[in-house]
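Participant: My request is simple: use the sequences and hints to build the entire structure.
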Amino acid sequence: MPELPEVETVRLGLEPVFTSSAIASVELRRGDLRFPFPPRFAARLKGRRARSLYRRAKYMIAKLDSGEALVMHLGMSGSFRIEGEKSSHAPGAFHVKRSGAGAHDHVVFHFANGARVIYNDPRRFGFMLLEPQATLATHPLFAGLGIEPLSRDLHAAALAKAFTRRKAPVKAALLDQRIVAGLGNIYACEALHRARISPLRAAGSLVAKSGKSTDALVRLAAAIKEVLCEAVAAGGSTLRDHRQADGTLGYFQHSFRVYDREGAACPTPRCKGQIARIVQSGRSTFFCPTCQK
DNA sequence: CGCATCCCCTGCCTGC
DNA sequence: TGCAGGCAGGGGATGC
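Under the working numbering, residue 293 is the last one in the first sequence; the count climbs by one each step, no gaps.
Note that these hints are calculated values from the structure, not bench results. Keep in mind that the hints are not guaranteed to be accurate.
As the list claims (entries may be wrong) - List time: in silico DSS-like cross-link candidates among lysine-lysine, alpha-carbon distance up to 27 Å: (1) K63 x K161; (2) K209 x K225; (3) K212 x K272; (4) K225 x K212; (5) K58 x K161; (6) K46 x K167; (7) K58 x K46; (8) K161 x K212; (9) K209 x K167; (10) K58 x K225; (11) K212 x K167; (12) K161 x K209; (13) K293 x K272; (14) K167 x K58; (15) K209 x K293; (16) K293 x K161; (17) K161 x K225; (18) K63 x K46; (19) K225 x K167.
Facilitator: Printed below as a string of structure tokens:
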């Protein structure tokens, strides 16, 4: 389920576990997810401790005290859950699940303090890698990544530069990881609606002749940040509730203005339009043909 | 090179 | 009730 806000929520939940205790052992329940696990995956993690857990696009990266980086991607259906963690919430309660392996539990990290982090992924589009920290930036998965959408690097001029002469629809351009890294299908739709830009417009048509940015790109850059920030805040709330550290959608899904709302009235004030669904690059696009131009 | 299509895999929902 | 078909939030490979 994860898009960037969900990955960020998962990262926030996992960070204290990964950085406060060493990995005692790792159980692999199968040899591969999307890719085979790296050679000696469990052995290279045993005894290691993470100095940090950060996010780039939709990747989570744990910097280990061995000099290696554990890279984790949730794909379409990956999630983590935490078990066996001491909680200040319910002192004395036996809330620790004695679960046997659930279906599709593929990896279990056992930590020295007794916590377990379990990776579950029915579709197995997720993956984990172990790479030297020093060369991570040049790894094929990371070398070509575009602008981090929640950073200061995302602004109208940067979008103008990236969109110049691009004939692909702006929706496709927003999903291109080489342009904006980590914006997924839902939030691309949501951002375009908030910016009142049609997903069908050629990306290059949003750039001024001079190559400079336009009002539309100013709105788009702001809309991307705004919708992601709101979703991260919503995910963070559910995390603080201690209900889901697992990356399923938080209640922000109830705030979608267009995604999965085909046929509904456009939520833009005074707009009489109706949300439409089309397919672009093989993926659903939801938008309002009336107010998105 | 830029862009569209297809595919990896499983689960869930819809319609017959 | 069962079953077939379509669809899913990611992203890489392929081919035009």
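Participant: Of the numbered hints stated previously, which ones are contradicted by the structure, given in increasing order?
Facilitator: 1, 3, 6
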